[in-house]
Amino acid sequence: MSTARSTVILRRAMEIEMGFCVSVNRTFSAPSLQRFFAVISRLGDGVFWYTLMLCLPLLYGSQAIYVSLLMVAVGIVNLLIYKVIKRTTERERPCSVNTEIRLGTAPLDHYSFPSGHTLHAVAFTIIACFFYPQLAWFLIPFASLVASSRVILGLHYPTDVAAGALIGTVIASLGLSLI
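Here the sequence shown is numbered in my numbering, starting from 38 and rising by one per residue.
Source of the hints: derived by calculation from the structure; they are not laboratory data. Predicted model only: the values in this text are computed from it and were never measured. Think of the CB as a built atom: it goes at the ideal place given N, C-alpha and C, for glycine as much as any other residue. Worth double-checking, as some hints may not be accurate.
Stated by the list, open to error - Across the chosen pairs, the derived CB separations fall in these ranges:
1) LEU117 x ARG79: 32 to 42 Å
2) VAL114 x SER69: 30 to 40 Å
3) GLY98 x MET51: 42 to 52 Å
4) GLY98 x THR40: 52 to 62 Å
With the hints as extra help, turn the sequences into a complete structure.
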């Protein structure tokens with residue numbers, strides 16, 4: 038495939054993705070929905086996950102300390118990886134590129150690729166559910182809401198969220214393979 042044709046295909050894919058971002062942002066533009074997803078996003082910023090890591094030993098005993106420490110280790114690896122990728126790609130957030138997108142909450146940093154919220158939510162959910170499958174009924178929907186909130190609030194493209202989920206899955210799986 039020629040470079041010109043590849044560029045046209047890539048540009049068209051980016052236009053489709055931006056259209057999706059605008060549509061989702063408009064669909065969930067009611068103030069009550071924006072507040073709900075802003076709260077979900079804030080919880081997914083670390084508050085919920087740190088609380089979970091602290092509560093696991095209280096709920097499941099001393100053996101859960103290992104699970105919490107594994108989550109911390111995976112979280113650190115995830116943080117390092119996503120910061121390197123963000124600095125390398127420097128992809129502008131949808132809300133910075135398109136004035137039709139209403140920003141639902143303040144971004145934590147300047148760039149969008151990949152979604153760190155999604156990366157951590159997926160990784161922590163995988164680890165917690167591996168050891169405590171009974172938490173899946175709550176953690177999977179919560180992680181899904183965190184991922185969705187990032188596009189709804191105008192902070193990420195769907196591909197940012199998909200990449201975050203993929204990286205989170207890989208790093209969590211690698212962490213679990215070490216046990």
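Tested hints:
1. Checked against the hint of 32 to 42 Å, the pair LEU117 and ARG79 fails, with Cβ atoms roughly 23 Å apart.
2. Between VAL114 and SER69, the C-beta spacing of about 37 Å keeps the proposed range 30 to 40 Å intact.
3. In this structure the supplied range 42 to 52 Å holds for GLY98 paired with MET51, their Cβ-Cβ distance being about 49 Å.
4. Between GLY98 and THR40 the beta carbons are some 59 Å apart, a value that agrees with the proposed interval 52 to 62 Å.
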